[in-house]
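Top to bottom, those sequences are chains W and D. Quick note on UniProt numbering: the first sequence kicks off at 1 and runs consecutively. Quick note on UniProt numbering: the second sequence kicks off at 1 and runs consecutively.
Hints were generated in silico from the structure; no laboratory data involved. There could be a bad hint or two in this list.
Under the rule of at most 30 Å between Cα atoms (straight-line distance), these lysine-lysine pairs were calculated in the DSSO-like manner [to be verified]:
hint, chain 1, residue 1, chain 2, residue 2
1, D, Lys126, W, Lys67
2, W, Lys32, D, Lys130
3, W, Lys79, W, Lys32
Label-pair ranges, simulated between beta-carbon atoms [as the list claims (entries may be wrong)]:
hint, chain 1, residue 1, chain 2, residue 2, range
4, D, Pro143, W, Ser58, 52 to 58 Å
5, D, Pro134, W, His81, 24 to 30 Å
6, W, Glu105, D, Arg200, 18 to 24 Å
7, D, Thr127, W, Ser58, 34 to 40 Å
8, W, Arg89, D, Ala146, 48 to 54 Å
9, D, Ala280, W, Val232, 54 to 60 Å
10, D, Asp186, W, Thr234, 29 to 35 Å
11, W, Glu105, D, Trp38, 26 to 32 Å
12, W, Pro86, D, Ala280, 47 to 53 Å
13, W, Lys79, D, Arg200, 26 to 32 Å
Anything over 12 Å on all C-beta distances counts as not near chain W; from chain D, calculated [what the hints assert, rightly or not]:
hint, residue
14, Met86
15, Phe155
16, Leu159
17, Ala194
18, Val205
19, Asp240
Every value quoted in this text rests on a predicted model; they were computed, and no experiment measured them. Backbone N, C-alpha and C fix where the C-beta goes; we use that ideal spot for every residue, glycine too.
The residues making up each chain are set out below.
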Amino acid sequence: MAATVLDGATTPSVATDPIIEVENLTMRFRSKRSETVALDDVSLTVRAGEFVTIAGPSGCGKSTLLKLVAGLTPGFEGKVHLYGAPVTRPQRDIGFAFQRSALLEWRGVRKNILLQAEMRGMDRRLAQRRADHLIELTGLTGFEKALPHELSGGMQQRVALCRALLHEPRVLLMDEPFGALDALTREQMNVEMNRIWRETGTTVVLVTHSVPEAVYLGSRIVVMSPRPGRIVETLEPGLPDERDYGTTLRDPRFTRAAERIRGLLGATHTPE
Amino acid sequence: MTTTEDLRADSSDGPPTATARATAKDTAVPGRGRTSAWGQAVRLADASWRPLVVLGLLFAGWWFVAWRELVPAYLIPSPGAVLETMVSERAMLLEHTWVTTVETVLGFVIAAVVGVATAVLLVYSKTAEKSLYPLILFAQVIPKIAIAPILVVWFGFGLTPKIILAVLIAFFPVVVSAVAGLRSVDPELLEMSATMGASRWRTFVKIRFPGALPQLMSGLKVAVTLAVVGAVVGEFVGADRGLGFVLLLASGNLDAPLLFADLILMSLIGVVLFVLVELAEHLLIPWHASRRGSVVLAAS
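Next up, chain D with everything else stripped away, as it sits in the complex (with noise of 0.2 Å):
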């Protein structure tokens, strides 16, 4: 929480006078880039024109086939068809939507709170690395999509074998990089530490794991589009509700708008919530090397 508080306690926490907060304004102080809310949309918009278009290109690409029918319907419907099932089923879909997100989301932040505490205990404990970290690699091997069926025969057709199965794909990612962002602090850091007479907490919570944020961030972020995979492959394997249900049913009936839309909407869930860990990112290291002046997506 003081870490929270402290990185942004730099652009909140004033000095004391107006006028040296007038100063440091007005002396254009190198590389320092305040860019208004103008600047930052046209950065953002040059960032994303390209992929928009290519997009673009790859959805006119799947009308002309389903227009012109070069593949039968029930293999590759219409763009139309997929946005009118969206639509026509919207209330079910939402409703299992809901049901994965919530699955995504649980399973993420478990295995994000897990993953940092376990990094936390390998670096402080010498005993805790040499025995736990060889077994968290070699875990890493176990195909853990195959652990869905124990799962689901230990805690049957709710909730937790997709949450639990979403912590185990998500957890590694979390563990290896904020093992490698807490190891990774500069030990003269450590040292001015030590002759300020700080205790291990507060070399900890100033120092150490904000250092370790950045490379903390990118393993978050891979993890959560892993908890998606997890929390879908736990549905696939014993569920009545969520979208891998709801894509296992349209499979069965040959419903391909009904499969597409599905698909898309576990895309979204996938997206948004990226692009959620990313603005926690920009929000958290805006003065990191990888962040200075850019814009969400545009630097991943």
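Just chain W, with the same shape it has in the complex (with noise of 0.2 Å):
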């Protein structure tokens, strides 16, 4: 019963609308005694209704990428389309879900995921009641007053997560956004975020350093390598969009996908 609301309200008509085109990106970071290229010339294109992940190491600029396509890091040599429009200032019609949670420490769950409302100027009704339906789709119900420093690490992002989707935004971007959960947790939080993609039909790009979690939430994975940060490869396993712990975890096609992303990042790269 809880899908309804969010259904037909932001399913693209057009299942193979780009949404993000990045083409030829290359990005350096200048300091006076060294410079840095955190991209080299990347190329990806997010259509809409994909759940893409960006796996790879720390470093290799994954979360640069995504704060690139939001807008909100200027000064990178190729093209990057938002929507088929340029991106060069921050960009409003999206979600972002930050490494850590960036909620306001002195706002409630709900006052925190109105933030979203007050700051857009949306009408408060209608923002009010998608708030209370994300609390419910998230299970947070209960703790509608409670302060962020009286959440788990996990219902901390649950809030910052209703509060990036709060807008309906046709695309949702991810920054590590379960990196500092433990594991039991993260496994909970990836469930969640399956449901919730699918329920949705929000166009995803989540960045991760996480193999398991790279491919167990994505419909296509791109691999990247550091320094400079550079696509390596782009794997669709062709698993269902429902995925479910148990049987997933197991599916020949999970671990083929796990084992050769493994393989890509380096011997090195631990499994979490």
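Make one complex out of these two single chains by using the hints.
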């Protein structure tokens, strides 16, 4: 029953619309003494309804890529288009989930979610209804007024997720949102994330350094190498959209993809 | 204004359904310390009995010294004599206390408003920061008390020079704490705000300013006690009213009981104003780590 409000509203009519188009993107960070190439000639297209995970070790520029798409980092070379228009400044027609939950510590759960509406000047009633729906969807019922410091890490990330989804963005960009969580909570969040993606039909780009997370969540997995950040390979294991921790993890397509990614990232990268 | 409203709205602006409220209350959220009035009273008592004992011992010592006349009474009067003066001279003392209080409060409020406004300017404008901030820091080394005679020359014996002196002394901690608070905002919060398409003003009102409140409030607590000093020193230099004026008068007449009574009232102004700022802090930032589960005065 929960899904009805969200469905239809966001499900794109044409499933092949390119949402994000990145072509020959290079990003250099210059300091007085040195120049670091964070991204080197990266090209990537994300289509409507996709769940793209970007996997790579820390320092491969995957977070930078996400921030460039969001328009948060200026000064790149190449082409970055969102919804067909060049990205020149911070994009507001997106949902962004940060590595740390980035919640306002003086606001309760519901008020933190509604910040999105206040900042955008959304219709109050509509926003409140959606917030309540998202609270229910993510299992935060009963904690509407709890302050962030009273919540566990997993719950904080859920609040951040609700906030990122409140305005029904066409694309959700997630920057290692579950990186700071313990393994069990992380699995739980992955299961929920998969369900939310299916129920909302939102296009998701998620950056992670966890191989199982990348394969479990992604309909397409982009593997990146570090310094300079390059796309090494793109995998489409062909797993069904609906995933389940019990069966998906034992699915030969899952294990094969995970093996392949580990191989690409080098033997040093230990599984989580 | 919006900020205060927002901060309070957390507790007043209700969720839509009664059931949601009930569940929120019923679920024992860890660390959620909604304590009863009794619990607060117990903690207040627990926090205050030790300082009260020390204070009592000091009074006993004072009383003992005066009673045994270890020191001549014109140097240290007995607590009884001081109390007697306070009662017999209450009309006069009250009038002068009022004058000093008005000077202090006006000075503090002006310092707070101008200080926060200056801090905002410094944080948002690189030019202002580069040209003004070093001067503000440098101006702090000027002994402001030494300016008092000049102020009297310029503005006479009225309220103005006292208020100006109070402002000058209280301004610095406000600016420094507000600048620190506004700058300490998590850059990720600003990025988040940018992805919401928020204007600079909304970002300031909803994220930057509330985030700066904890540091600003500590600055304000320092400022309010300094404002008292400013007002009293202003009265020392040239006044016909106020506790500073009475203090000089009493010292000229070697009226020790009046001197002591006057001093007690001055301290009282400082204490009361400090507690009021603490109270404001308690209401404004109950969410902050320094205030969690604290009682007025217990955390400072």
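Here is what the structure says about each hint:
Restraint check: the Cα-Cα separation between lysine 126(D) and lysine 67(W) comes to about 25 Å, which is no more than 30 Å; the hinted pair holds. A threshold of 30 Å between alpha carbons decides the hint, and for lysine 32(W) with lysine 130(D) the separation of about 22 Å falls inside it, so the pair holds. For the proposed pair lysine 79(W) and lysine 32(W), the alpha carbon gap of about 27 Å is at most 30 Å, so the pair holds. Between proline 143(D) and serine 58(W) the Cβ separation comes to about 53 Å, which falls inside the hinted range of 52 to 58 Å.
Checking the proposed 24 to 30 Å range against proline 134(D) and histidine 81(W) shows it is violated: the Cβ atoms sit about 45 Å from each other. Separation of glutamate 105(W) from arginine 200(D) is about 22 Å and conforms to the stated range, judged on CB atoms against 18 to 24 Å. Our hint of 34 to 40 Å for threonine 127(D) and serine 58(W) holds, since their Cβ atoms are close to 38 Å apart. Between arginine 89(W) and alanine 146(D) the Cβ separation comes to about 51 Å, which falls inside the hinted range of 48 to 54 Å.
At roughly 57 Å, the beta carbons of alanine 280(D) and valine 232(W) sit within the given window of 54 to 60 Å. In this structure, aspartate 186(D) and threonine 234(W) meet the distance hint of 29 to 35 Å, their C-beta atoms being roughly 34 Å apart. Taken as a hint, the range 26 to 32 Å holds for the pair glutamate 105(W) and tryptophan 38(D), whose Cβ atoms sit roughly 28 Å apart. Checked against the hint of 47 to 53 Å, the C-beta distance between proline 86(W) and alanine 280(D) comes to roughly 48 Å, which is consistent with it.
A hinted range of 26 to 32 Å for the beta carbons of lysine 79(W) and arginine 200(D) is consistent with their spacing of about 29 Å. For methionine 86(D), the non-interface assignment is confirmed: its Cβ lies about 43 Å from the closest Cβ of chain W, beyond the 12 Å cut-off. The Cβ of phenylalanine 155(D) sits about 41 Å from the closest Cβ of chain W, beyond the 12 Å cut-off, so the non-interface label holds. Even its closest Cβ contact with chain W, about 37 Å, leaves leucine 159(D) beyond 12 Å, as expected for a residue assigned away from the interface.
Non-interface call for alanine 194(D) relative to chain W: violated, since the shortest CB-CB distance, roughly 4 Å, does not exceed 12 Å. Chain W draws valine 205(D) into its interface by the beta-carbon criterion, the shortest separation being 10 Å against a cut-off of 12 Å. No beta-carbon of chain W is positioned within 12 Å of the beta-carbon of aspartate 240(D); the least distance is around 47 Å.
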